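Okay, here's what each chain looks like letter by letter:
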Amino acid sequence: MRPVTFDETAVALEAINLSVTLRRSRDGADIPAVNGVSFTLYRGRTLGIVGESGCGKSTTAMSLLRLLPRTARIAGQIRFRGEDLLAASEERLRAIRGRYISMIFQDPMVALDPLFTIGDQLAEPLRIHCGLEGDALRARQVELLAAVGISTPETRLTQYPHQMSGGMLQRIVGAIAMSCNPDVLIADEPTTALDPRAQASYLDLLKMFGETYGLALVMVTHDMGVVARVCDDVLVMYAGQAVEKGPVRQIFNAPKHPYTRALLTSIPNGEVEREWLPTIAGQPPDLSRLPPGCSFAPRCSAAQERCSREAQIERVVGDRHRARCWRAVAP
Amino acid sequence: MSSTYPTPPSPEAIRVSGSRPRLPWFALALLAPVLVFGIFGPLLFLHDPTAINLMTPQKPPVWLAGGEWAYPLGTDQLGRDLLSRLMEGARVSLTIAAVGVLLAAMIGITAGMAAGYFGGFVDTIISQIVDIKMSIPATLLIILLGAVIGGGLVTIVVSVIFLFWADYARIIRAEALSLRERGYVLLAKVANAGHGRILRRHILPNLFGTCIVLVTLQVGRAILIEAGISFIGLGVQPPATAWGMMVFEGRSYLSTAWWLPTFSGLAITITVLGTSLFGDWLRDRLDTRASAL
Amino acid sequence: MLSYFLRRLGRAAITIVAVSLIVFVAVRATGDPTFSLVAEDATEAEIAEVRAELGLDRPYFVQYAIYVGDVISGDFGTSLRYKQPAFDLVVQRLPATLQLALAAFILSTVFGILLGILAALRQGRWPDMAIRAFAALGLSAPSFWVGILAILLFGVMLQWLPTSGRAHPLSLLLPAMTLALHSMASIVRLTRSAMLETSSAEYIKFLRSKGLPERLIIWKHALRNALVPIVAILGLQLSNLVGGAVIIEVVFNWPGVGRLMIEALVNHDFPVIQAGVLLITLSTVLVNLAIDMSYGVIDPRIKYQ
Amino acid sequence: MTLPVLEVSGLAKHYPVGSPWFHRGERSVVRAVDGISFSIAEGETFGLIGESGCGKTTTVKMLLGLEPSTAGRILFQGEEVQNADAATLRQYRAQIQTVFQDPYSSLSPRMRVEEIIAEPLITDGRLSAADRRDRVAELLEVVGLPKEAATRFPHEFSGGQRQRIAIARSLSQRPRLLILDEPVSALDVSIRAQVLNLLRDLQQRLGLSYLLISHDFDVVAHMCRRIAVMYLGRIVETGPTKIVRDRPSHPYSKALFSAVLAPDPDAVHRHIRLPGVPPSPIDPPSGCRFRTRCPLAQPLCAEVEPQLLAGAGGALAACHFTERIDSM
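Protein chains in written order, with my numbering: chain A, 1 to 331; chain B, 332 to 624; chain C, 625 to 929; chain D, 930 to 1257.
One chain only, chain A, in its complex shape (with noise of 0.2 Å):
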């Protein structure tokens, strides 16, 4: 794989106002899962989308590529490439999907077919998608799986899922994800079922994706030591809203909104015995009863009176630095 050279400044994908509608499968009750998501990729350039569970990032994510179960109904726009992913045919889709965007799951232990082998898994895509046969196919399966760091990719090529431990199996996917060179790659929780060693090595093989193939990464994660040590920009999601985004530096260094203060506060961050955590009060609100006005206010220690009637739209607090908080304000 020869690295490429790209502009830093070049939009990969955009969405705007994204919004997800899902049915609830226990009641049939409509979730807003996703509500009014607006984010930019560029090449090169990591975008985490953070959040707590049911905050709807990984619908966020699934999303980009309409990977969404039948009953879930989007609205807004995806740009890529000068058209609309949201109005794109499933056959057109299908062509970038794959191709020009690509994908990797949570868990690689059930991310694979458990009955092909590697070697015809990873053929895939590169059949359907960049038409390779025989002795090209065949030199870019090893080509792909020595990128991802797999010694012997020659054996791999033959054996089944069940005979790999998990990190290699997700190097295996990211290999899969790679190998049509996308422009992006969306990447859903990559490194939560990893153990730690594995996770860095996992995250460093990211990074590196993106940096030399000029790709616009985004890491859909919950654990803020993942954004920092991957991410350019990030976008916290919260109750489905996207409470607050901007470059990475700016969020850690000085957030603005109270609920990214608060996550990146109450984590033990690696000091030794400190005594106690900030913490954030109350549960997550119930998607289908979301209260009126700014959905974190209930929980919030800052929040006025009008925090709890009306919600503030983004607000800009510095450069590409974005926050939906009435109280944040430019430094």
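These are computed hints drawn from the structure, not numbers from a lab.
Be aware that a few hints might be false.
To be verified - Each computed EDC-like pair below joins lysine to aspartate or glutamate, with the alpha-carbon atoms no more than 20 Å apart:
| hint | chain 1 | residue 1 | chain 2 | residue 2 |
| --- | --- | --- | --- | --- |
| 1 | B | K520 | D | D1053 |
| 2 | D | K1171 | D | D1255 |
| 3 | B | K520 | D | E1044 |
| 4 | B | K520 | D | D1014 |
| 5 | C | K829 | A | E90 |
| 6 | C | K844 | A | E133 |
| 7 | C | K829 | A | E91 |
| 8 | C | K844 | A | D120 |
| 9 | B | K520 | D | E996 |
| 10 | D | K1171 | A | E275 |
| 11 | B | K520 | D | E1043 |
| 12 | A | K207 | D | D1193 |
| 13 | A | K207 | A | D7 |
| 14 | C | K829 | A | D120 |
| 15 | A | K207 | D | D1195 |
| 16 | C | K829 | A | D107 |
| 17 | D | K1171 | D | D1145 |
The structure displayed is predicted, hence computed values, not measured ones.
Here the structure of chain A is known, so what remains is to put chains B, C and D in place on it, guided by the hints.
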């Protein structure tokens, strides 16, 4: 695995599934007449089901030429009222099915729970017996049994137990095996709970749904077995009657009195269909893993 | 793979031994055969002599060993009715039963899987509804009754197909279809739910994200994975079909072991019954073993267990 | 010096593997835990850290008496509990309780919270039903749940609340020591802080000792003054958290901590990657178990098994070449 991050069910994990009806109306509609006749049969008889009337043999149902309201579904070769006989058959079939299935359930659930919970040697033995049972054609066992103890009610009930206990054992074993590894069972052991308490308070309550579903689904199959046994002449003996026997007897009059085998077979089909639809509904409602049936 | 094969082989052997034990116990339970062999006014000494000749005075395990020896050499005794060796009677009829059961097995497997896939692909729409209704009925209707209705319709009313015996080449059609119905219905249901379950699996989602055509996802990945649980129950289906054949043979006058055994039952012809039970079980267990072996072809995980 | 609450020495668990029928002679043995020693003082939190498969879970099971050990001693407040009589064992189990990782499978779904919390008291049988009810109400208050929770079922609670219920249950018999097996790794970040604070608060109020087992170094560092690092069934390094983290003496600890993801974008990372794959606990490498992946390995490592000795950093490390640690 202590290092994985189990995600609790979240809106992101929503799966496509149709909405479930509140009550299985169709299944209940199918079962209602069977249950009413089965329970109140003797009060509703138009005729004594065993009364032979040689003046009225092979009368067709009322909507055909020659039919009359006194015999709504016609009569058999001996002039007995078909409807009354079907009601009587319902009683016999339902009783046998219920008794057989319940006894089989008791044996099977005990065996399955023992195998799944205790594992080891107990499990090896029970699983081996279940395996053997599964690979022997059921009808052959019934024939062998019939040859040894002769026909009759006992044969049917014993056959039902014999055939069904292994199903319970297999499914309950698998379920108990996975329940045994749950955190709460380990914690109960840490809390000094004995096997009795763990089985009673932790395992059994969580098996309950599966058991109910299994019993419901098996009642239908037991009726089919009963019919089959009666059909090969090992079931209840005349003058008592059962649905399978009625199909068998009616078979000889196929060309002259088609209604005889048709209606008795229909009664079996409706009942079995009703119970299995009801069982399917229960299974979806209780969300158990008894899908192996 | 070898250890898997050995384990299966061991299981098959244990099954056969268990059946032989069951039959052996049944033979003893039907009564002392001595009395059917001696004259009614036989003396104690004469009875004892016959018993010794038959080996009935020896310990049970010795009797069982003798019994097994007899069985292996094909000696199941003589039919009380036909005065022929029971073994020969059963072996003559065995091909007819196996033909019927295998025809039904192929019918139910092929159509069961196809219809199950179709229902899963059209989930919630009319083909799904129709197939599910058909499967529910197929599981609820007693096969002998369906057979009788089929005779009534195709034989008596339409007169399209032969309904009795085994003489005509088309004779196999009605009994095989009738016999296949129940097992086909359960394969339909299993295939449908297995297909739906694999379709929501994580690896199918990943395949979609790779941009694979839907037909490749369904016919290559989803189907192959759905086949794993289906193949696992095919052996069970086969033994159900062989059992069901006994009844269907009676309905259609099919000259197989089943009808022979029902006749034997009526005539208390015990040697024929025990020969039938043992030989049919033996053939079922062997075919079952073959099916189990094919399991490793579908699921590579088996090889490494 | 006061007696430690728990003292473990030379604890080991070996499982035979493979079918007894197909193997002749010696059967292979999985050395899941192979001779570990540590002690926990009154009111202390001791951390056990390692990757999956290092033997953490087996250690927990042995300490809880769910698995018999193959060798070694477990002393609870100075008293031997291995092979103890039933009464001693019961008493021991009342004093050592546990909280598991998964709050979804650790509460019986068809039991009311009341019975879940009171189960250890029910099997113990010393309290009357009324006293048990009072105790449950008291415990609910201690963990910050409303009294009404008692009559509800687990599925009515969120993950964090369930973990509070699990903690309340573990406290029901006033234990001395809690074994916390990944107590927060299944919880969301904001809930995690609440539970960690609760645990710390309980420790101070009730004078509890904790054994905290986790693969999350930040959580361990936050809670523990002393830790032990496990690799393939053995403790490779142990000592004060600060020292083990800042100046690890064992190459494995060093590699492990280099992988910690600090939530700070300006942190300098130098992730030390280890060659090869983790060896199987069936037939572990001779000598030092870590040598097959160790950048410092020498021929000596294959021959002599290193013992826990004072290492370069100041903690106890099982390494022959601990003075070369800085060359990594």
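Any of the earlier hints contradicted here, and which numbers? Every hint satisfied by this model.
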